Amino acid sequence: MTDSDYVRVKFPIEKDFSTAGNASSGLKKLLKAVGIPPEIMRKIAVASFEAEINAIAHANGGEMDVLISPNHITVIVKDNGPGIPDIKLAMTPGYSTASEEVRNMGFGAGMGLPNIKKNVDELKIDTELGVGTTLTFTVYLNKKNEST
Amino acid sequence: MKAHSIKLIPEKCLGCTHCLRVCPVQAIRIRNKKAHINENICIDCGECVRICPYNAHEIIIDDTSIINNYSYKILIVPDVFWSQFPDLEPEEIIPLINYLGFNAIISDSIGFKLFEQQIEIFLSKKLNDNRTYIIPNCPAVVRLIFTRFPSLIPDIIPIKNTYEITSYFAKYYFENILNKKNIGIFLLSTCSARVTSSKNPIGEKKSLIDGTFSIKSFYNRIKSINNKNLTLDENFVFLYTNFRKNSILRKFNTLNITGTEYIIDTLDKLESNQKFNLKIINPYSCILGCYNGILNVQNPYLARKLLRTKKFLYEPLEIDINNIPFNVYLSENINLIKEEKNNENILEKLKKINKIEEIYKILPHLDCGGCGSPNCHSFAEDIVNENIDINLCVFLNKGIPERK
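Just so you know, the sequences run in chain order A and B.
Quick note: the first sequence uses my numbering, first residue 1, plus one each step.
Quick note: the second sequence uses my numbering, first residue 1, plus one each step.
Honestly, the hints are just simulated from the structure, not real lab data.
Bear in mind that the values here come from a model prediction, so they are computed numbers and not experimental data.
By construction, the Cβ of each residue, glycine as well, lies at the ideal position given by its N, Cα and C atoms.
A few of these clues could be false.
Claimed, not checked - Residues of chain A placed beyond 10 Å of chain B at every Cβ, according to the derived structure:
1) D5
2) K32
3) E39
4) L89
To be verified - Straight-line alpha carbon distances no greater than 30 Å define the calculated DSBU-like cross-link-like pairs of lysine-lysine that follow:
5) K2/B x K118/A
6) K10/A x K279/B
7) K279/B x K32/A
8) K311/B x K29/A
9) K216/B x K275/B
Unchecked claim - Distance ranges between label pairs, derived from CB positions:
10) K10/A x N38/B: 51 to 59 Å
11) N104/A x L255/B: 15 to 23 Å
12) N130/B x L129/A: 52 to 60 Å
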């Protein structure tokens, strides 16, 4: 793939619950402008929103790095938070380590990662305790292209 | 979504930026000193009509003479109409409407009652599906969803809007119960969106509404009638039903929301699955809903207050909701309605977006509207998509003024 075959856009994620959703909302706007089909747009909207909330609730925000190509959309959400000690546990629906404060704001229901997994074709979690977590997920625009 | 009721009158347009700024969907551009409305994304909300200081935006309504094509003329009157007149009671206004040539009035309360009852039936089968449904009664919002939030189209409850339902009921009642022939059904409209919808309803092949007039024009016509000794035709029919709007919707976890800006924000959240446990969203494009319709005359707060004092001297109609003699659901599958697609492939669009972002970087980010686009980002888009000259930017060449 050459450089001109994709667009790379970065959205900062601020540690601010009042603006939570801005990054994924910006991404969604872009996907609509490109003419990504609504069903696919919605999957990425849900997954990127959950990932954004995670970066705000568990870390000091971070960055959403998005690659859009005619075949697939890849979203990389990177934070410098505490890392995930047990990924399998974190993937369990309902399990959450969110603080009381975060839960009181309506987040931290333990559905973040499961919801991401449910909506994307590929999900990779790189995490190191005390260093941070990088979530990489991909949604294919045309399932036939998945293997190429 | 190309059919619209709002038209710009170039002779009256000064090319100022009022409408450019208030359009909630950024459908307006000023080019060659005149405003132009992008018919692909306009939702007919009427905000441009509301703000224009020069009355350059016009809402196309029908000529009142069209009622003469029918022998029995029925007027659908929204309840908010009565509250436009602080000084006149319905029993004083009804003979005046009769005098204007109408044989019958049917209140939108009938449509609302059937509409909400059908929604209750629809939702009773969907109580545990963890979805949030959208009430489709404001045509501007329905258009907004089609143009901007197509992923939410499956969440629209596919039921005819209250005015369409009222018109179907009118057709049934006057033709089958009262045996009237050659009936004409007309709508007194609160807003531009309803005018558009009565001509080109989304999800229906054709509307039963034969003509649409504005509340404002009827307000003026009624106020101009000098003959105070009019008597009401003894065969005049007035149909309404006792129904408090939103009373059924209240049984569900409903979010009533007015104002396009707030609706866009809410739909944006819905798209990301932020549902807040809501079962239904009941959105109206105008702040305060139809009390604030662009074709009304009264202050919407006063209108809402006044409406509570208006009483009808007629017996309300009892409607057997178990035997509705027509289909209340939309006749077409709205999920199959496809917008015309731009043929460019994703790659071409991505290249354009890269270009747009490059251009945006060098613009002043003051969003002044002087170039004729609503903000610097849309100007960058227009440069790339419409080949607009970047030198239209007033600050680019002269520099940004120092502010001390």
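Structure versus earlier hints - violations, ascending order
1, 2, 3, 5, 6, 8, 9, 10, 12
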